[in-house]
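Undergrad: Okay, here's what each chain looks like letter by letter:
There are 2 protein chains.
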Amino acid sequence: MNRPITAPRAAYDRYFDTAWDRAWFSNGGPLVSEFEKRLSAYLEVEHAVVVCNATLGLSLLIQALELTGEVILPSYTFISSANVLKAAGVKPVHCDIRSADMNIDPEACAALITPRTSAVVATHIWGAPCDTSALQAICDDAGIALVYDAAHAFGVRHQGRPIGGFGRAEVFSLHATKVLQAFEGGVVTTDDGALADRLRLLRNFGFSGVDRVEIAGVNAKMSESHAAMGLANLDMIGETLAANRRRHELYADELAGIAGLRFHQPAPGASSNHHYAVAEIDADIFGLDRDGVVDLLFAENVLARRYFYPGGHRSIPHLPESGAPAALPVTEMVCERVLVLPAGAAIALEDVRAICGLIRSIAAHAPELAARLSDTGASRRRSARPDQVAPPGFSKPRTGSKP
Amino acid sequence: MNRPITAPRAAYDRYFDTAWDRAWFSNGGPLVSEFEKRLSAYLEVEHAVVVCNATLGLSLLIQALELTGEVILPSYTFISSANVLKAAGVKPVHCDIRSADMNIDPEACAALITPRTSAVVATHIWGAPCDTSALQAICDDAGIALVYDAAHAFGVRHQGRPIGGFGRAEVFSLHATKVLQAFEGGVVTTDDGALADRLRLLRNFGFSGVDRVEIAGVNAKMSESHAAMGLANLDMIGETLAANRRRHELYADELAGIAGLRFHQPAPGASSNHHYAVAEIDADIFGLDRDGVVDLLFAENVLARRYFYPGGHRSIPHLPESGAPAALPVTEMVCERVLVLPAGAAIALEDVRAICGLIRSIAAHAPELAARLSDTGASRRRSARPDQVAPPGFSKPRTGSKP
Chain U
1 MNRPITAPRA AYDRYFDTAW DRAWFSNGGP LVSEFEKRLS AYLEVEHAVV VCNATLGLSL
61 LIQALELTGE VILPSYTFIS SANVLKAAGV KPVHCDIRSA DMNIDPEACA ALITPRTSAV
121 VATHIWGAPC DTSALQAICD DAGIALVYDA AHAFGVRHQG RPIGGFGRAE VFSLHATKVL
181 QAFEGGVVTT DDGALADRLR LLRNFGFSGV DRVEIAGVNA KMSESHAAMG LANLDMIGET
241 LAANRRRHEL YADELAGIAG LRFHQPAPGA SSNHHYAVAE IDADIFGLDR DGVVDLLFAE
301 NVLARRYFYP GGHRSIPHLP ESGAPAALPV TEMVCERVLV LPAGAAIALE DVRAICGLIR
361 SIAAHAPELA ARLSDTGASR RRSARPDQVA PPGFSKPRTG SKP
Chain B
1 MNRPITAPRA AYDRYFDTAW DRAWFSNGGP LVSEFEKRLS AYLEVEHAVV VCNATLGLSL
61 LIQALELTGE VILPSYTFIS SANVLKAAGV KPVHCDIRSA DMNIDPEACA ALITPRTSAV
121 VATHIWGAPC DTSALQAICD DAGIALVYDA AHAFGVRHQG RPIGGFGRAE VFSLHATKVL
181 QAFEGGVVTT DDGALADRLR LLRNFGFSGV DRVEIAGVNA KMSESHAAMG LANLDMIGET
241 LAANRRRHEL YADELAGIAG LRFHQPAPGA SSNHHYAVAE IDADIFGLDR DGVVDLLFAE
301 NVLARRYFYP GGHRSIPHLP ESGAPAALPV TEMVCERVLV LPAGAAIALE DVRAICGLIR
361 SIAAHAPELA ARLSDTGASR RRSARPDQVA PPGFSKPRTG SKP
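Chains as they are written, first to last, in the numbering used here: chain U, 1 to 403; chain B, 1 to 403.
FYI, nobody ran anything at the bench for these hints, they're computed from the structure. Careful: at least some of the hints might be erroneous.
One copy or two, either will do: identical chains are not told apart, so a pair holds if it fits within one copy or between any two.
[Unchecked claim] With a Cα cut of at most 20 Å, we get these calculated SDA-like pairs of lysine to any residue:
{"hint": "1", "residue 1": "Lys91", "residue 2": "Pro367"}
{"hint": "2", "residue 1": "Lys86", "residue 2": "Arg212"}
{"hint": "3", "residue 1": "Lys86", "residue 2": "Asn204"}
{"hint": "4", "residue 1": "Lys86", "residue 2": "Ile113"}
{"hint": "5", "residue 1": "Lys37", "residue 2": "Glu321"}
{"hint": "6", "residue 1": "Lys86", "residue 2": "Thr68"}
{"hint": "7", "residue 1": "Lys86", "residue 2": "Phe207"}
{"hint": "8", "residue 1": "Lys86", "residue 2": "Asp101"}
{"hint": "9", "residue 1": "Lys37", "residue 2": "Ile138"}
{"hint": "10", "residue 1": "Lys86", "residue 2": "Ala354"}
{"hint": "11", "residue 1": "Lys86", "residue 2": "Asp191"}
{"hint": "12", "residue 1": "Lys91", "residue 2": "Glu214"}
{"hint": "13", "residue 1": "Lys86", "residue 2": "Leu201"}
{"hint": "14", "residue 1": "Lys86", "residue 2": "Ile347"}
{"hint": "15", "residue 1": "Lys86", "residue 2": "Glu66"}
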């Protein structure tokens, strides 16, 4: 959804050239070491363990914490967490969310804890901090680990300090679309030195010395070229967050007052990285459902999307054998309503204005557009590419657009 | 052991600039697609599925083939295979090797098959092809999968075609130290289209469409910057193989006739990528054991190493609960004898000559050097850094040398 936010090429090359000149391209090179120090300082956390991607970061945490049995996570989150739990032989237990911020519902979470539960993996969705105090109390009471999926939350502060130091550990994504990007990458942060040591062993095959393998580690090393991109982008994170904020505020202004559309804002006084532009469409009031809006925007070459649809609990690999997924009413409502819009520092302010203009225009003609979409059979082809469902009067999208 | 073999910076930039200009850095970008097509053509195999590293490539194969129970692999191989099997809940069963080529012994392998065995993962060690015909017959008889760890074997031909098309699938490493390097990376090759489709799903979270997740996949994507390095190096693979061969032939000439030292050569008429310079030291004849030679070379700033020591079956994560590892006599002999020397196109011919001169000098004074090493207590400190064990007359190594 977000175009890569990318430092100037010269800033990237200044770092990468040093790796090229050394011909040291991986295996804990100087750029990875520098990146870890800088991340640890920025996130105000003792240890930042950089890895090749966030999914593998969570996988290392599962190994390091020896998680078994069941792990509770929100259903409304990226599917990788449930997948990697399952691949490690741990059962993902999908929990419902709160409608206010779409984060895991602590009460619902507490109700799902059983003697088989070994951890909770909670996501700071769209960068909004979870109710960390409630979750910590629940997990402490149960004697289980609490870790956070902070993929969305780089640069967010909470209770006076950055996201990164909550729970037993937090996992950030540094994927190309994230607020801090390193092409592909992730970082696991923790104040627990023994855990950090274990993660470092696990990411490099378990080697504690030239010939000594301590534990069954894999390869989760980040390369120097990726660290170079991460460092160059970290150098300008202040500008990135400011640019994100301007775009987010513009969205909020331009989408204000549209009946049936709620644009998500940080809670009053709360910090945000403003990296995601998320709206909810109430079809009954708006006059058109969210999927209709997605189709119409796509036809105008705007890559808006539903997200985390249909929820982890309804995704094929995680359907129970009975075939009937758990009832998670808030997740299901949110799955039907969420509209994610292009955002982040790499999008032009005039594009935000144009997108908002299109949305206002759709809102103004919603009933008529709903009827036309219905005529073209769009609802029956919803899983097909939206370029096949553009109603008359909407131009064809440019081909070859980026994911 | 091998310095990165690296195309000229301009050749790398020609590819990478296209990714930078597109701001398309991952997620199946055009460079990864081109790299896969080129690899598939070069390796004469239907499908080349590029991944972020070879260990994760094998991990995807374990998931794709739904391996369970036990998997047989040589003990004399890189520890990552046993580790990733264990992490996936599969028991690695370590098999002995043949002394002639250090590859898995087909007879020993056949003897280890039980009703719980789901596959054999055989390594083409040092790029020497396994006895593929014998292994295929054994696995076909048992109705189990045969896959190859081809981490060492890029550019090797066997039975009239490249390594890459044998067994059910082969996994190459594209790590910085390999004959074809992409900073970090791997590629899984197969002629089985259904398997390739499954691997492609598994490397991208299982997504078969925007919202549709088929299977519990993870993130094993290669970035465009890594693909750029792979493409630039693939463009010059012919020169690389020729340069490797010149260095290998020089080693063979210069190390000929040293009593107690056997320099490994491809079998007559066999293809090789000549990427590894491997010798075996018979301490009784040479007059000094292999570890002594490693220490003395290190003291002269030559990073020679023992390798795969002490064998997977004796590594901490894979010791049986009884504490007594299986008896694998050939593996154990090889673990005590193998000396891996700096090799590959990135090392200068004069460095090869100088290294061989040092080895000849060590051989000429072996008994005296053995006595001095014994006086300095080297044998008791064998697992410490060799720079602490240099005997008088040997200079200190440069600090900060690359791994």
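Undergrad: If a hint holds in the structure, say so; if it does not, say that too.
TA: Evaluation of the provided hints:
1. Lys91 x Pro367: neither (44 Å within a copy, 61 Å between copies)
2. Lys86 x Arg212: between (30 Å within a copy, 17 Å between copies)
3. Lys86 x Asn204: Between copies, since 15 Å is at most 20 Å while 23 Å is not.
4. Lys86 x Ile113: So Lys86 and Ile113 pass the 20 Å test inside one copy only (18 Å; across, 28 Å).
5. Lys37 x Glu321: neither (46 Å within a copy, 39 Å between copies)
6. Lys86 x Thr68: both (10 Å within a copy, 15 Å between copies)
7. Lys86 x Phe207: between (26 Å within a copy, 16 Å between copies)
8. Lys86 x Asp101: So Lys86 and Asp101 fail the 20 Å test inside a copy (27 Å) and across (39 Å) alike.
9. Lys37 x Ile138: neither (32 Å within a copy, 51 Å between copies)
10. Lys86 x Ala354: Result: close neither inside a copy nor across copies, 42 Å intra and 53 Å inter.
11. Lys86 x Asp191: Classified as neither: same-chain Cα gap 27 Å, cross-chain 28 Å, threshold 20 Å.
12. Lys91 x Glu214: between (27 Å within a copy, 17 Å between copies)
13. Lys86 x Leu201: The answer is between: 15 Å across copies meets 20 Å, while 23 Å in one copy does not.
14. Lys86 x Ile347: neither (36 Å within a copy, 45 Å between copies)
15. Lys86 x Glu66: Answer is both: 14 Å inside a copy and 13 Å across each meet the 20 Å cutoff.
When held up to the earlier numbered hints, the structure conflicts with 1, 5, 8, 9, 10, 11, 14 and fits the remainder.
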